[in-house]
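**Q** For chain F, the structure is supplied; the task is to place chain A on it using the hints.
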Amino acid sequence: MATMSITRDEVAHLARLSRLALTDAELDHFAGQLDQIIAAVARVQEVAAEGIPPMTHAVPVVNVFRDDVQVQCLTHEQALSGAPAAEQERFKVPRILAED
Amino acid sequence: MSHPTDLVRLTAAQTAAAVAAGEVSAVEVTQAHLDRIAAVDTDVHAFLHVAHDSALAAAAAVDRKRTAGEPLGPLAGVPLALKDVLTTADMPTTCGSKILENWRPPYDATVTRRLRQAGVVILGKTNMDEFAMGSSTENSAFGPSHNPWDLGRIPGGSSGGSSAAVASYQAPIGIGTDTGGSIRQPAAVCGIVGTKPTYGGSSRYGLVAFASSLDTPGPLARTVLDAALLHEAMSGHDPCDSTSVDAPVPPVVAAARQADVSGLRVGVVAEFGGDGYQPGVLARFAEAVELLESLGAKVFEVSCPHFKYALPVYYLIAPSECSSNLARFDAMRYGLRIGDDGQASADEVMSLTREQGFGAEVKRRIMLGTYALSSGYYDAYYGKAQQVRTLICRDFDAAFEQVDVLVSPTTPTTAFAIGERVDDPMAMYLADLCTIPSDLAGNAAISVPCGLASEDSLPVGLQIMSPVLADDRIYRVGAAVEAALEQRWGGPLLDQAQGLAQAEGGTR
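Protein chains in written order, with our numbering: chain F, 39 to 138; chain A, 663 to 1170.
Hints may be right or wrong, so weigh each one.
[Claimed, not checked] Below, a sample of chain F positions facing chain A; criterion: calculated Cβ distance under 7 angstroms: (1) R57; (2) V85; (3) S119; (4) P132.
[Claimed, not checked] Here are the simulated lysine to aspartate or glutamate pairs, DMTMM-like style, with alpha carbons at most 20 angstroms apart: (5) A:K760 x F:E64; (6) F:K130 x A:D1003; (7) F:K130 x A:D1002.
The set of hints was computed from the structure by calculation and includes no laboratory data. In this text, a Cβ means the ideal position worked out from N, Cα and C, and glycines have one as well.
The following block holds chain F by itself, in its conformation from the complex:
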């Protein structure tokens, strides 16, 4: 058995960072699969690429400015139309601070 490239604890940490409340069964299942996938993608490290510039986009991209003119945008009603909860023309969210 080859050494694990990722442990179950590390997967639990990734799930936390990813805001995924995974079940224990999922953690067991994904740990094995992610270990296999990470071992496969680690093959990129075989390639000698010293001094090769990283490519972030398929075509060269430059920052695009538009003229500073007012254009039509979503109304409050449209922007809030898919909100799980709204109040006073705003998104209503669960508490963001700890109680006490």
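**A** Frame of chain F; chain A shown alone:
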């Protein structure tokens, strides 16, 4: 002409011509396709939403324009199947995910808007792997679509709903999106035509993002000319998309009509073949190469040594971008919200919502991307993948100094059985082995049918790749191959299908 079966068999070009000439109304054409959907889609499950009333209304608007003597575009009155990842203000947009179930976007994607302006009739929204992550539609939260050639097999993915709809005559044309092969692979396994345009040639505005440096909308059709007509109608510079290419759309329709490869230099990618490729796929591919030579093309073998790293590069870059893009599904502004009981914090609600709202493949990729981007691993994984991406791009550049187009099989096997790879991610990822390099480099590529594999009588696709913004070349070659093969076969490949890929399939 008025018999519904005849109307669903027409190509988009024939349909638009018949509508423009007043031989048939757009409403009759649309009704024929809605009837076809009602007859066969219980079995195929291509559509997540059928827009019965708005489709008929759009068709009626085309008929009114014609009656009023107004000019009609080359696709006016043609029905279309739209992948459920492009926003539509009058229909739900779910991306195949529970987290967006019943979401109604407040605006149309640029592609949607252009289709409407062209008089294209949007029949509805098609099934897909959740957030376009997959090669089979099995990752849809709403159940898989089925391959019209054999309902026990996958229709490809992630644009499998659109490919299944087009191959089962529920629509003559469809829209897909390609991030790692999600237009070309479904086209190949359903025996139809599918194009990934040059990155930035078609707008991403209103395309729910998976991997922004790769995502490209493109056409699916039963003929190369129809794909070209749709490619032209949906493409062009869009100020709303910051990576949209500000250049004219390549002359794809003219190229499809030219259909001539004499003197063209064709490169066979040496790295795509051998182990892992189905013998019947390699046999049809070899015949297609011989055919190109017989039509006057000059064939060379070309080596692209870094293509063998395209799969690992892709499975670092795409999940990294996905982990960032899908952070927007936070249960605050749209979509599902779970566990908001007045006590739970926003953070807890977010985690519970994403746990219940996302499927297994989306979760795997978000975590993989989070891993590749985390400090300590960034340089070894994401950074290295970006460098190798440059090398893959340079392989293309070197190859296109020697040849005008590159060819390969579109996908290593024919359609596999539903369930076969569903919990084996690495096996599933292999479906995109040959299509991924063009996504990473951003160049155009098409899949055209090149026959049936002898071992299972299922369709095989020929992939043709061109340099960036030379999309016309893939249509020129694709149309030449199509014409020669249809002459050999005595008709389109779909005519050889059993089951629902026949126009009469639903009533037999």
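**Q** Interface hint check: F:R57, Cβ to nearest Cβ on chain A, cutoff 7 angstroms. Holds or violated?
**A** The hint holds - F:R57 has a Cβ within 7 angstroms of chain A, the shortest such distance being about 5 angstroms.
**Q** Please verify whether F:K130 and A:D1003 have alpha carbons no more than 20 angstroms apart.
**A** Roughly 13 angstroms separates the two Cα atoms, so the pair holds.
**Q** Hold the hint about F:V85 up to the distance rule: shortest CB distance to chain A must be less than 7 angstroms.
**A** Holds - the Cβ of F:V85 comes within 7 angstroms of chain A, reaching about 5 angstroms at its closest.
**Q** Min Cβ distance, F:P132 to chain A: is it shorter than 7 angstroms?
**A** 5 angstroms, holds
**Q** Between the alpha carbons of A:K760 and F:E64, is the straight-line distance 20 angstroms or under?
**A** 18 angstroms, holds
**Q** Regarding the pair F:K130 and A:D1002, is the alpha-carbon distance no greater than 20 angstroms?
**A** 11 angstroms, holds
**Q** For the restraint on F:S119, tell me whether the closest CB of chain A is nearer than 7 angstroms.
**A** 5 angstroms, holds
When each numbered hint is compared with the structure, no violation occurs for any of them.
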